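Dock chain B against the given chain A, drawing on the hints supplied.
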Amino acid sequence: MRILIRGGRVVDPASGRDATGDVFVADGRISQAAGEADRTIDARGLVVAPGLVDLAARLREPGYEYKATLESEMDAAVAGGVTSLACPPDTDPPLDEPGLVDMLRRRAKALERARVYPVGALTAKLAGERLTEMAELAEAGCVAFSQANAPLPDTQVLWRALQYAATYGFPVWLRAEDPWLARGGVAHDGEVATRLGLPGIPVFAETIALGTLLELVRATRTRVHLCRLSSAAAVDMIRAAKKERLPVSCDVGIHHVHLSDMDLGFYDAHCRLEPPLRSQRDRDALAAGLADGTIDCAVSDHAPVDEDGKHLPFAEAEPGATGLELLLPLALKWGRERGLALAATLARVTSDPARVLGVASGRIAPGAPADLVLFDPEAPWRVSAQSLRSQGKNSPFLGYELAGRVRATLVAGHVVFEQP
Amino acid sequence: MQRNPQLNAHGELQHLLSIEGLPREILLQILDTAESFAGVTEREVKKVPLLRGKSVFNLFFEPSTRTRTTFEIAAKRLSADVINLNIAASSQSKGESLLDTVANLSAMQADLFVVRHNASGAPYLIARHVKPHEHVINAGDGRHAHPTQGLLDLYTIRHYKKDFSRLVVAIVGDVLHSRVARSLIHGLTTLGAPEVRVIGPQTLIPAGVEALGVRVFHAMRAGLEDCDVVVMLRLQNERMNGALLPSAQEFFKHYGLTAEKLAAARPDAIVMHPGPMNRGVEIDTPVADGPHSVILPQVTFGIAVRMAVMSIVAGN
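Line by line, the protein sequences are chains A and B. So for the first sequence, our numbering puts the first residue at 1; every next one is plus one. So for the second sequence, our numbering puts the first residue at 1; every next one is plus one.
Treat the hints with care, as some may be off.
[What the hints assert, rightly or not] Pairwise CB distance ranges, derived in the manner of DEER restraints:
(1) P153(A) - E250(B): 24 to 34 angstroms
(2) Q109(B) - A385(A): 27 to 37 angstroms
(3) R281(A) - N118(B): 29 to 39 angstroms
(4) A88(B) - A127(A): 27 to 37 angstroms
Honestly, the hints are just simulated from the structure, not real lab data. As the structure is a prediction and not an experimental result, all values here were calculated from the model. Even for Gly, the Cβ is constructed at its ideal location relative to N, Cα and C.
The shape of chain B in the complex, shown without the other chains:
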């Protein structure tokens, strides 16, 4: 097997493609760096010059507003030049191949590619073909990984719970299609969370997921019992009525997070969601807006985390 393609010869982060396989030290370095940037985002002048003169290309082969925007803000706060490309609507429809698109942008002197693609592994293909000084950050590939989301989730958990070593974390819903779940699971197991659970109907739990170090639950009440952290996953519209689930209503009844179901968790449990939320499908409005919810702080932390990732890879 090849060596981890995210790390350079010195074991430093060259690209961020997945949380899987990253050593604990690198995860902590990112979280600590993000913490130092959190102050910057609260200042009146919200800029640091770390990426001055660098070009960041946001390559989004799949539509996204939130992730693209937070990457853009993060890059601008690091003083980089940001170019947003919505490729779904341009060259791919003209038949240009993924690698040709990247080669063309590379010829425009890119330093950092932020890539979102609907095919699992696409950022690995790009990382294999970029020039040595260029960096690739995975902003979500298929159902494989969304490492910056995973890192901001870890940041949020550390912010509220301080320490991972006693935590029970439940990830609820469509684990099968979720890159967010996979990234968070790897992050939590690397940082030593003793119990990570996934909860969902059998149709939405992928084969062999136990091998990632999680316990599988199919019932909400049992799964949420004594949890410190509850992470709700987004259920895509197209998966609500078909062979995987009969209806959004039935899903909400059994797996939607309501105050009543949340009562099984610890009284100081926090509730997270990667957004965008489907209120009334995976989460009830009183919970989404309630005292346990840290969903909006997640978004704020996301900017600091993405600043940290960009400054670290660009510095290596």
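This is chain A alone, in the form it adopts within the complex:
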């Protein structure tokens, strides 16, 4: 299939290119010379950009099919312009055996939508005690190893896990949260939690764990990607660590760039997230850190939860928000609010996460995989249970109107999503 995408505003964050032009796709790749096309797509008025690369999207398989299925979430991904996604290992059972990883990859591949990159469990059953067979898992297709949101309180095991991963050059993706300090907490420890009577998680639950991790990176030189920063203090620590040239990268959940604990309102369970939404000052620091590159990328942290999981008192509600279809419009909103060029905005959800993932996607250049998104950056749409394709309708943005509507998504040169 040879496709000519004509007349769009072509934005390639990796090179900074932002100009009207054509993109030609042949044999699943972006091609230099335009030849005879089987199909021409009129992209006038649309942005043509690399498909989004999302480092954290839960597809809920295996084990949680009542919350979402691979089909529903892969549909949501391409509808949101996401062409590559990494899925955390917190499935049931967790992704701690090559057979599970292999099956997930096969199932995902058969659906012919986004590319799926499984992240393997760092410890068996995510229990934080015994290392997984990382080399075997990598062979089965795991791109990194992680505890997802499961704690790893034993620092001896953590140290050994990092050493072992470093032996093979595997990256380790971890959230920084001290499980003892965070125990029982469901909201940022501050004025709002005190008012609402919710048990708090202090900022130092994050910074203490981050300090431990950075010290272990210093000792082991393992490539560590820090997931979902939540506080201004953590952003400062990462800035210093990068200055020191430690091999670290990090991301932030797109909701945390926009929301703070004030948005809990009267116990809105959709704002029950992990890590918790923190103060407005923290949110501003995250948004600024993402703009100046201290934070490498924004992720959806997609976590579809069924209605029963959210129709509960705040502390009992299941954490997480649906995000695959919100990543692009919320990234655009963030870029507009900070006055960034479109290429700089999109870099944080395309070329930068692709670099962390170590894949060739995320750019528009001859020979690169033809993973593309065509979107109207101004077109408004209302977030609602009906407009979301994900089985998870759990969003703090329900009822909001957001700008940025995906018109078409291509993966490996195939049109996998189209919407007039």
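Relative to the frame of chain A, chain B by itself:
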């Protein structure tokens, strides 16, 4: 942010979920109404027909004797039919969800739900899902709010001190876990009390509590100095020995209210406690039973206050 879910479109009290965010006028309306009911409770025939034909469901997801009983008495004095449900022991243990329980009771033609739940915010969830003619009264949710207790505390203070505008009020003990403290703080600041203090060890004072408009003290003597009102909080058994406190004995030594410590307060200070009391832990028996104590009148006033709240929300 959503509008205050306790108020209807006319700004009247639809549900009572928290004292926070209620205008001064509504608080005074409740206190004044309660005063008019105080006479009723002293008559030989202690009933008024305001809620005749209405059904009040006491939904207690957490055990409580005193609060449930006073709500029951209040509803009966308003001539309502009262149904007590101790849910901790029934459907929740069978896995029925909170909202399913409420939907079922709603199908039995409830008019008013009195809800006690161990999760902060649970009554808000219920209030969002009940029918327009149904009302929800929060009888204590987690550590968030206990508005009728806060109101009866305000009633008691007004009864003895007449006026809030010159008062120094100290709330002592486990503020971190206390819904009583939070409700009273909001009530006092709304009614214009110039100084509200909280006193306790750092482990029992929640983060950012100053933002509620209180001064924090860690020493009893300094905190009680020149106080007009001293409110002692209950210390739960499970919090006495662990990471928050080493022992009940040490707590009593430093924060238990004794006659000696009370001497720092004003000579006409009143001493309050939401009950049930731990004598010898947060309060010494001579103080609990002494001339400053208004702990038993609080209980009596509680019935009139709950009658007032039920009649007001049911009338809106």
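Against the structure, the hints:
Our hint of 24 to 34 angstroms for P153(A) and E250(B) holds, since their Cβ atoms are close to 29 angstroms apart. For Q109(B) paired with A385(A), a C-beta distance near 31 angstroms keeps the hint of 27 to 37 angstroms intact. Restraint check, R281(A) to N118(B): a C-beta distance of roughly 32 angstroms satisfies the suggested window 29 to 39 angstroms. Distance hint check: the CB atoms of A88(B) and A127(A) are about 32 angstroms apart, consistent with the given range 27 to 37 angstroms.
Checked against the numbered hints given earlier, this structure breaks none of them.
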